[in-house]
Amino acid sequence: MSTSAKPTHPTRAAVVRFAGDSGDGMQLAGTQFTDTSAVFGNDVATLPDFPAEIRAPAGTVAGVSGFQINFASTDIHTPGDEVDVLIAMNPAAFKAHIEDVRPGGIVVVNEDEFTKINLRKAAYADGYDPLDDERYTQRFKIVRVPITRLNTEELSSTGLGAKDVGRCRNMWALGLIYWLYDRPLDTTIAYLEDYFGKKKKMPQVAEANVKALRAGYYFGETAELFPARFQVPRAKAEKGRYRKITGNEAAAMGLITAAHLADKCLIYCSYPITPASDILHSLSALKHYGVKTFQAEDEIAAVCAAIGVSFTGQLGVTGTSGPGLCLKAEAINLAIMAELPLVVINVQRGGPSTGLPTKTEQSDLLQALYGRNGDSPLVVLAPKSPADCFDICIEAARIAMQHTVPVIVLSDGYLANGAEPWRLPDPQAMEPIRVEHPTDPETYRPYRRSEDLSRPWAIPGTPGLEHRLGGLEKEHLTGNVSYDADNHQRMTWIRKQKVENIAAQVPDLEPIGSPSGDLLIIGWGGTYGSIMTAVERAGEEGKSVGAVHLRHLNPMPGNLGQIIKRYRKVLVPELNTGQLRTLIRSRFLIDARGLNKIQGKPFLVDELMDAINLMLDDRWGDRESLSPTEHHVTAVEPLSMY
Amino acid sequence: MTASNAVSILNAKDFATSNDVRWCPGCGDYAILNQMRKVCAAIGARRENTVFVSGIGCSSRFPYYMGTYGFHSIHGRAPAVATGVKLANPELDVWVVTGDGDGLSIGGNHLMHVLRRNVNLKILLFNNRIYGLTKGQYSPTSEEGKKTKSSPMGSIDLPLSPLSIAVAAEASFVARTVDVDRDLNRVLTEAANHQGSAFVEIYQDCNVFNHKAFDYATDKDAKLDNLLYLEHGKPMIFGKQRDKGIRLNGSRKPEVVTLGPGVREDDLLFHDESDESMAFLLSRLRHTDGFPEPMGIYYRVKDDCYERLVEQQIATARSARGPGTLEALFDDGNTYEVP
Ligand code: SF4
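The listed protein sequences derive, respectively, from chains A and B.
My numbering puts the first residue of the first sequence at 1, with every later residue one more than the last.
My numbering puts the first residue of the second sequence at 643, with every later residue one more than the last.
These are computed hints drawn from the structure, not numbers from a lab.
Built from N, CA and C at the ideal position, the CB exists for glycine as well.
There could be a bad hint or two in this list.
Each pair of labels, with its calculated beta carbon distance range [stated by the list, open to error]:
1) B:974 / A:510: 30 to 36 Å
2) A:496 / B:664: 28 to 34 Å
3) B:974 / A:439: 38 to 44 Å
Just so you have them, the derived chain A footprint on chain B, three or more residues with Cβ under 8 Å [as the list claims (entries may be wrong)]:
4) 675–683
5) 872–886
6) 930–942
Put together the whole structure using the sequences plus the hints.
Here is the structure:
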């Protein structure tokens, strides 16, 4: 389709953000742009951002929904700090997102929506129109397009009502941006025809959406809006077959794969909660893989059912988000005491309490490790990217079943909804998960330990191995209820050591960047992409900065202490007030400092660079922790910024 | 416990364990345990295929005393754990043992949902109208005004009827019996034979904290006047002389009548196990209001079991889409090749 006479500039990477009312279909536009770019062969990273309310008041800033995508011809790890092209479907979207656009960036606005009423809804002062404000017109290239009118004219002959016609505006805008980046339309057309045409049985709607998409595209070609278009060539990637994947999709597939590798039935027990529900949705649509899903009456029932599944010898998994993890705490302890396998996927969101349901945070680490009564050790893993949710779920299931221990996986809202390309693994090359169930009544004792201290996983249906488990302390070997003082002490140490023994299987860490030197960054979970990018940039600037990223939070990789010794200073960036930092300080007795962002958003690379520079230049001061504000970090006490 | 038990005929004592039973001497739980073991033997249950799941409370120690698989879980959650067991292996015979505190207070939510789903579980609720294990606080079934350690001036909570809840929660089998009643064995057997969630309330004497709470239902002499043994298709007659009955009065309210001139058997209510409204009505009859309390099977209907429907959906999905392979799982159709 690149028949345009206009010049095309090749560019390495671009960041596009679609923003509009939560009913404007921005998530769909963004997802389609992502799919198209992934299928085209770019590396992609995305950041969807939506309000917690399903339909916040239309036209208000609170109701703005956004979708950011970074696509590139080289390896990228973040959705991008600054936006190159913003599509603002109304004044509220403009207001909410304009400050993220880089100076000189393009802002496409649907000028039809910049009416008096809508400006007022966005809480702009009476008589003020930001599109006329020199502060913006000089800083950005603002492109006014009457999207509503052009879309309505285009679809006037379709016979659809005004409402349905209006709903196609997102595709019109998407078409325009496809033209701007010289993208093919076929992926989206195929999607529209399948989704609206086949699944929803609304061929008229499918047709109208395709028409709107094409109209936007051709408008770009004919109108003199942009001086040039851009082209982001294919990324060089390892040979293979790829697809785009979100963290929650990856988790669902990882769990099915784990069950398959272990020759177990996956039974996923969950109660709907943002942002974990998509795992339940995905799995409940994949029943032909033998997956059983159980939508329980509450979070507690969900985890208890999963424990019942484990007791009976299948793969019991529950998924939730922070507040749900609070509710599951008692039952998780039951699994610790009964020493049964259990996988708990916690897709973290802003807390405490209901907090920020649709925003990301890493603030459940200490809860996962310690948020239960008694000494209750379990395994905690955290994926580092959306695609890594696949691998980590397989590992979680393997550890849980082979070591008869609960495993908590700490995903987060950013990973769950964010997407990246994923090279399809070869099922034949995957290692089976060996799981043993004892059958010999002569040698069986419910709490007889194997060498690594795990307990035999005997299951109902096995003659002669009838035994009783429960939450009361159990006697070593026999598993009878025991209140004996020495036995309790012994069993408590065993439970702890059993988890620590798993460290033997955790691969050693390899620092990224400088293998030793001035500064070590220790990250965990979903911040991997931003930290990687910052460390790469620091390396390019000749700085002596290395980074390790923890996917195993408990037990930690065995060589972390060795690595820490190779650097002068340690920085722990986290999306919380310093939970990993607390662990690192107490465990290694070092003066680790924290960059702590608690805004419901991932780190910007710029923020990390500021923190790195403050550490390297000795300008950080005595503060244990700093927080960014307005995209930058300065050496001031976090609370004094307000 | 020998491997050869797969072919042997089991007796009640084969369902015992080596654990000492630790209920208070004289506790009603002993009688239930004995009958349960007998029923297991009589219905030909296999130890290895039977699972007892419980929550927390005196009654919830039950699994430790059954020579089957057992899970003494956490307070109130036994129905959820047991649901997981049935999802993982629908072939197992799964019993849930709970109490009035465990099942109706902390675990009320789970009880309601396990019943409406009709998971094929047998749920025994030992109702002693008191918290025993925590040493004597009032429970959700304690009568109004009951003086306990936590209600020295008398409980101001209205008690609830476990059976009304079971009927309202769409249970497919609802019954009541008494720990020392000969009918206990029959009711447990009927519950075992039911396909679906069977809910059985068992009046149980806590002889330490609430002794004689059910005297009216256990006293040999008094009980015939105080209990109504339900029989499907039969008129509701009770009393030592079998001369009293239940009928609906002009405003369709139940009343106790004496058979004789002007009151024939045909005027009485006839029990119908498939009548949900009747089951509810029966569940409201209280001894304290001058009614006999109905015993036996209140309600019984055939319905699909949850864990079977789950399997059916998998079968349906497989016949429509074929058994999934990992290759197909990974490739959602939107893939692309990097050469
Ligand atoms: S406290 Fe009551 S219910 Fe509990 S064991 Fe003793 S007598 Fe039985």
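**OP:** Give me the numbers of the hints this structure contradicts, sorted from smallest to largest.
**Re:** Those not satisfied are hints 4, 5, 6.
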